[in-house]
Structure formats: structure tokens, C-alpha cells
Amino acid sequence: AQTVTQSQPEMSVQEAETVTLSCTYDTSESDYYLFWYKQPPSRQMILVIRQEAYKQQNATENRFSVNFQKAAKSFSLKISDSQLGDAAMYFCAYRGSGNTGKLIFGQGTTLQVKP
Amino acid sequence: GAVVSQHPSRVICKSGTSVKIECRSLDFQATTMFWYRQFPKQSLMLMATSNEGSKATYEQGVEKDKFLINHASLTLSTLTVTSAHPEDSSFYICSARDPLTNEKLFFGSGTQLSVL
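These protein sequence lines are chains V and Y, in that order.
Read left to right, the first sequence gives residues 12 to 126 (the working numbering).
Read left to right, the second sequence gives residues 19 to 134 (the working numbering).
If we strip away everything but chain Y, and leave its shape as in the complex, we get (with noise of 0.2 Å):
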């Protein structure tokens, strides 16, 4: 079946350093992703919507500066914090859907970033 690779799986940083998650579709080509945030024992909450070749579509009250997304290949998108902090400290997984199973939606395995 279809496998989306996120990496890295868990990242600790210091307060003000960037950090950059990969999400990459392995089998199947992605134009769109999805980049999601959990923190412990909540929900996942939809930060944004990254399209191939184009700008992504942030969520209302996601910060575009603070969470950059670029989406530059089918297979591959990258969400970058930039000047983490403290707050940062979260959970973030990726989706992919394949176009070719419209319905269905392959998750990563989530990366867990802790801004010390």
C-alpha cells in the first residue's frame, strides 16, 4: 500500500533555531499534503494545506512566516519552524493523498519536536 515517510521522528532544538520536517510520498505522486499539529492527548489540528508548485494554504491563526511550507517536488514537502520557541513544542504530522484513490489519505509517522 501507500507510505508516506516523515523524518525526522523526534527533534529537540534550542529556543531561536529553525528546524525542518521532510514529508515524502514514496509510491505515489502527492500534489497535495497536509500538515497537522497534536499536542498530548488533544486532537490534530489542521495547520495547513501544501500544494505542489504553489503557495500553501494556512489555516486561520497559523502564523505563514513562523511555519513555512514548501512543497517543490510530488513527492516531497517540508514544513520548517523558523525561530522555534518553547510553544513549539508539539507534535506535527503529515497527510498525503494519493490522486489516483481520491478517498484515500496516507499519514506519516509524526515528528516530535521539543524546543528547549
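Okay, chain V solo, but in the shape it has when bound (with noise of 0.2 Å):
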């Protein structure tokens, strides 16, 4: 079975400065997809960022990027000029490709920012 582990519970960052959140997983397949997430305070979901395995470029989104390193099965977030609205719980998630598209989260990280 899949897992996902971060095993940062918590990780505060200066405005404007630059964190990583990390993450790892366990799976015996070749092809999934991971993702980021975001849950501010509202609790709303928010897709961050994704990746697909097949590709070895780090998926790039503004301000945020990842570090994905297939064969250590890592997949880290970077957050560049952290910003207060950043401040959020972060989810690495995980799906398999063959599925209907069930993701398997992490315990998730709580991020602060200090102005």
C-alpha cells in the first residue's frame, strides 16, 4: 500500500524569506501523480501544485516549486518571498495512475509566516 510521510508537523518562515516542507512516499509503481496542498484557515482545499512522475522536470508555480527526486521518493516545497497568506496547513498528497483518482494525503504540516 501507498503512504505518504511529512514529517514536519509544524515550520514557520520570515515574510519575504524562503522555506522547504518536506515529504516523502512509499509505492511500488512506476507511474502516480503528487500534489500539494493548501488548507488556510477556512479549510477550503487548494491545489498548490502537481507533478507527474514520468517527468523529471520540477513542476513550477510562481512563488512555489518542488524538488522531486523519483528514486529517493521525495517530493518537497520549496515557498519562495513567503508571504502572510501563505500561512496554512500543507498537504502532500499522493495518486496512483490506474486509479479514479484517490489520493493518499500526509499528516500534513502547519506553516507560519512572521511578519
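Some hints could be false.
As a list, the in silico EDC-like pairs of lysine to aspartate or glutamate whose alpha-carbon atoms are at most 16 Å apart [stated by the list, open to error]:
| hint | chain 1 | residue 1 | chain 2 | residue 2 |
| --- | --- | --- | --- | --- |
| 1 | V | K84 | V | E63 |
| 2 | V | K89 | V | E28 |
| 3 | Y | K122 | V | E63 |
| 4 | Y | K59 | V | E21 |
| 5 | V | K125 | V | D92 |
| 6 | Y | K38 | Y | D106 |
| 7 | V | K81 | V | D42 |
| 8 | V | K113 | V | E40 |
| 9 | V | K113 | Y | E77 |
Source of the hints: derived by calculation from the structure; they are not laboratory data.
Note that the coordinates shown come from a computational prediction; the quantities given were computed from them, not determined experimentally.
Bring the two chains, given one by one in their own frames, into a single complex with the hints.
Below is the structure:
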């Protein structure tokens, strides 16, 4: 069975600085998708970034980028120029390519942004 | 973009009563929807996969008689918490897959259930 592990329950960053959130996963599949979701206090799940496992190039969305290491099964999220609005809980998630869309989530990391 | 509407956003009920939560895909047809449960400051745990026109697939440890799922149309899935107890109090979130954009999932805004 696939598992997703986020080993940092809480992180903090100074506004305008850069922070990296860690995520590791375990799977025997070769084709899959990885995601980072943001859950602000409103608790609405917001997709931050998506990575297809077959792509070697790391995904980037504005200030958000990932470091995808397929062999190491690592998928970290880097947030550059952190803003107060980035404060939220962040979840790493895995989805196999063959299923209908079921996501397996990590435990989450609460990010605090200090002004 | 695609939108998933979840209703109600908050519900308080007495122990022993049943509560129905609705999840609607507003501008796409969702053959598959997912129901998650989230305790405070914890992760989302998949409860079941709701399939239009067929029985839901429940995850291990989830009581199917307790959490009834109905997906009678391509735009609506409902989760009914039957004979609710205080331990059922939680945040419930649905998500739906747009088959036209296979890898994209859209989440509802969630329902906070409090059982007194």
C-alpha cells in the first residue's frame, strides 16, 4: 500500500524568506501523480502544485516549486518570498495513475509566516 | 473553473439523529466522488469512493451502515451519518473528479458536524 509521510508537523518562516516543506512517499508503482495542497483556516483545500512522476522536470507555479527525487521517493515543496497569506496547513498527496482519483494524504505541515 | 458545492457547511445535531451532507459538481459530470474525514489539525482520511449508479467502495474500518453514501446522479453524491454520536463529530470533505481533466480533483468546502 502507498504511504505519504510529512515529518515536519510545524514550520515557521519569516516573511519574504524561503521555506522548504518535506514529503516522502512509498509506492511500488512507476507511474503516479504527486500534489501539494494548501488548507488555510477556511479549510478549503487549494491545489498548490502538481507533479507527474514520468516528468523529470520539477514543477513550478510562481513562488512555489518542488524538488522531485523519484529514486529517493522524495517530493519537497519550496515556497519563495513567503507571504502572510501562505500561512496554512500544507498536505502532500499521492495518487496512483490507475485509480479513479483517490488521494492518499500525508499528515500535514502547519506553516507559520512571521511578519 | 470547475466547482464542487458542499452543503451544509456546518450542522449541529442531537445524538441518535441522522444527518445528510450533499456534494454537487456544478459544471461537470462527476462519475466518481470521494468522501474524506478530517479531525482537528490532522490529515484527510478517505472514507469511501462514491460511484454513480453503483455501490460505494468503503475504506477499511469505515462502517458502511453508519455512513450511507448515495450517488444517484452524475452531479450529486450524499453522505448520511446515521444515528450520529459525539465521536462522529468531525469535518467531512468531498471531492469530485472531472473526467475530462482526469488528473484534476475539485474539493467541496467541507461540513463541520457537531453531535451533542
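| Can you name, in rising order, the numbers of the hints this structure does not satisfy? | Those not satisfied: there are none.
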